[in-house]
Structures are given as C-alpha cells and as structure tokens.
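Asker: Using the UniProt record's numbering, you'd call the opening residue of the sequence shown number 1 and step up by one each time.
It cannot be assumed that every hint is accurate.
[Said to hold, decoys possible] In silico SDA-like cross-links for lysine to any residue, where the CA-CA straight-line distance does not exceed 25 Å: (1) K2 - R91; (2) K124 - D21; (3) K2 - D84; (4) K2 - L44; (5) K8 - Y63; (6) K90 - K15; (7) K8 - I114; (8) K107 - N33; (9) K74 - D21; (10) K15 - S113; (11) K90 - Q80; (12) K15 - V38; (13) K90 - E125.
For the record, the hints were derived by calculation from the structure and aren't laboratory data.
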Amino acid sequence: MKIGDIVKLQNNTVKVNDTIDEVLQVMNNLNINGIPVVDDYNNLVGMVVKADIYRFRITPGHYDSCPVEWVMSKSVVLAQADEDVLTGAKRLRENGIISMPIVENEKIMGVVSIEDLLDYFLDKEKNIFFTTINNN
1 MKIGDIVKLQ NNTVKVNDTI DEVLQVMNNL NINGIPVVDD YNNLVGMVVK ADIYRFRITP
61 GHYDSCPVEW VMSKSVVLAQ ADEDVLTGAK RLRENGIISM PIVENEKIMG VVSIEDLLDY
121 FLDKEKNIFF TTINNN
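Turn these sequences into a full structure, and let the hints guide you.
Answerer: Set out below in structure tokens:
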C-alpha cells in the first residue's frame, strides 16, 4: 500500500506568521501532534510539533504571541504519496520524528503520524490473523 493512501488529515497547514498559541489551538482542535508550516504561497517551509512549542514556552521571555516560524523545524523530512508505507515508517523511525508531511506533485497532501502507521500495521495484522482463521 502507498503511504498517501493512509493520510488522515488532508490539507491542514499553518502559516509562518501564525502565533504559537493559534497553532497549538489548531493542533488541539484536530487532535494532532504535528502540522506543516507554509509560506504565503503555500510552499512547505517547515514542520512544527507540540513538543517544539512546549519547549519554547517554558523558557522565560518566550510568549504565545511569537510566530510559529520561531519554533518550527526548517529541515523537513517528508514522503512522496506514492512511496510504500513501510518506507515511510522507516523514515519516521530513522529520523526520530512523530509525523511528516506527505506530498504529491510538490503539493502537501496531508500528514502521516506514528499513530497512523501503527493503526495501519495493526489493522493489517488483524486482517492476516482473521484470513488465516477463516482459511483453516
């Protein structure tokens, strides 16, 4: 299966000048841990996860009104929508990240998280188990 087939949150992004508080509210409302950051032309310029925001906020003098650009990762690990799921899962693990943007034709299609991959592999295992039982 292709990684683009398991994308759950499609086309959700934040802008570089959105405040940290606004971005955290978006992530909480969507029940996600990470979201791509785009510029005014919708080009992918970063990725932010809740942990980045929390680490930033605990430092005195850092405010919720600061732009998300201050805390986002500018070196973004991503996957192409037509890559297989296992390749994407390995990329997440090898880079020690919890979510990554999925792109198709250079446009952000969505985000895949560790939770999405775990759900995929658990469902796949369950299907193999029940197929085995039904064939016996």
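Asker: For the pair we were handed, K90 and Q80, check the Cα-Cα distance against 25 Å.
Answerer: Distance ~14 Å between K90 and Q80 Cα, so the pair holds.
Asker: Taking 25 Å as the top limit, are the C-alpha atoms of K15 and S113 close enough?
Answerer: Given pair K15, S113 holds - Cα atoms ~20 Å apart, limit 25 Å.
Asker: Tell me if the straight-line CA distance from K2 to L44 falls inside 25 Å.
Answerer: Within the cut-off at roughly 21 Å; holds.
Asker: Is the Cα-Cα distance between K107 and N33 25 Å or less?
Answerer: Measuring from Cα to Cα gives roughly 21 Å; hence the hint holds.
Asker: Given the hint that K2 pairs with D84, test it: the Cα-Cα distance must not exceed 25 Å.
Answerer: holds, 4 Å
Asker: Please verify whether K15 and V38 have alpha carbons no more than 25 Å apart.
Answerer: holds, 5 Å
Asker: Given the hint that K90 pairs with K15, test it: the Cα-Cα distance must not exceed 25 Å.
Answerer: Not OK: K90 and K15 at ~28 Å, beyond 25 Å, violated.
Asker: Holds or violated: K90 and E125, Cα atoms, limit 25 Å.
Answerer: OK: K90 and E125 at ~18 Å, within 25 Å.
Asker: Take a quick look at whether K2 and R91 sit within 25 Å of each other, Cα to Cα.
Answerer: holds, 14 Å
Asker: Need the status of pair K74, D21: alpha-carbon distance at most 25 Å?
Answerer: Satisfied, since the Cα-Cα distance of roughly 19 Å is no more than 25 Å.
Asker: Sort out whether D21 lies within 25 Å of K124, counting only the CA atoms.
Answerer: With a Cα-Cα distance of about 37 Å, the restraint between K124 and D21 is violated, given a limit of 25 Å.
Asker: When you check the alpha-carbon spacing of K8 and I114, does it fall within 25 Å?
Answerer: Between K8 and I114 the Cα gap is close to 12 Å, so the pair holds against 25 Å.
Consistency with the previously given hints fails for numbers 2, 5 and 6, ordered from lowest to highest.
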